[in-house]
Amino acid sequence: MQMDFLSQRALVGGSTQGIGRAVAEELARRGATVTLLARNEASLREAAAALPTPAGQHHDFIVADFSQPEILRQAVHNYLSAHPAGFDVLVNNTGGPAGGPILDAPVEAFRAAFEQHLVCNHLLAQAVTPGMRSRGRGRIINIISTSVKQPLPGLGVSNTIRAAVANWAKTLANELAADGITVNNVLPGATITQRHTSLIEKKTEQTGQTTEQVEAAMLKLIPAHRFGQASEVAAAVAFLASEAAAYITGINIPVDGGRTGNL
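In the numbering used here, the protein residues as written are 314 to 576.
Worth flagging that the hints you see were computed from the coordinates, not collected in a lab.
In silico lysine-lysine, DSS-like type, Cα no more than 25 Å apart, as pairs:
1. Lys-515 <-> Lys-462
2. Lys-515 <-> Lys-533
3. Lys-462 <-> Lys-516
4. Lys-533 <-> Lys-462
5. Lys-516 <-> Lys-533
Pair ranges (Cβ atoms, derived):
6. Pro-466 <-> Arg-539: 14 to 22 Å
7. Ile-384 <-> Asn-487: 24 to 32 Å
8. Glu-354 <-> Ala-476: 30 to 38 Å
All C-beta atoms, glycine included, are put in the ideal place defined by N, C-alpha and C.
Model the full assembly from the supplied sequences, consistent with the hints where possible.
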């Protein structure tokens with residue numbers, strides 16, 4: 314199965330750590346030229362310099378904060394003005410909202426999460442789709458959460474916003490399919506990242522349990538009896554970005570070791 318990305322350009326959000334960085338590394342390893350997108354310039358420089366270059370690629374980055382959609386839009390616009398070839402692959406990814414019961418969440422938390430996730434995804438899609446349409450091919454892949462299929466306890470704001478992103482993506486997929494552009498969602502389950510660690514730490518504080526006890530309770534809910542690796546999520550993204558997935562669009566793919574309790 315052909316899954317190389319020679320001569321292709323990919324824009325990957327939240328790509329200095331965790332799943333975003335794993336995705337950037339996987340696409341670069343397969344030959345893509347990757348543009349990283351995050352808010353910390355020092356971390357971006359370090360991550361871009363560390364990406365694989367098997368085809369002699371020259372990776373770069375865009376500095377922008379997803380909490381400031383207009384600044385993000387302008388930064389990407391400026392980049393595309395200087396790089397009119399645009400992108401063949403867009404991977405929308407950013408850190409999740411803070412956890413907590415939904416009734417405890419201030420209204421502003423919903424507004425901020427809506428902008429950080431849905432609005433920023435939308436602005437990035439608007440920026441890259443003209444180039445994709447002109448080439449008759451494109452891939453938009455959104456890293457969301459299994460909560461779009463089954464809400465997760467203690468993640469009220471995240472459950473709400475992730476579902477909105479999933480429905481946005483399905484609508485976009487239907488509108489772009491005839492242009493040769495696919496739009497799909499990858500839904501990570503419990504994956505070893507900084508966010509995963511922070512959620513476990515918060516639960517230990519709330520319950521008084523040890524880290525080992527919290528992890529053991531989580532693992533009981535996962536048929537695979539282990540947590541996922543960021544590289545495993547990245548592999549699913551690479552498949553969806555490849556030619557092998559050209560007839561797959563508008564779907565949600567859980568990468569969760571079987572934890573999600575529905576089809």
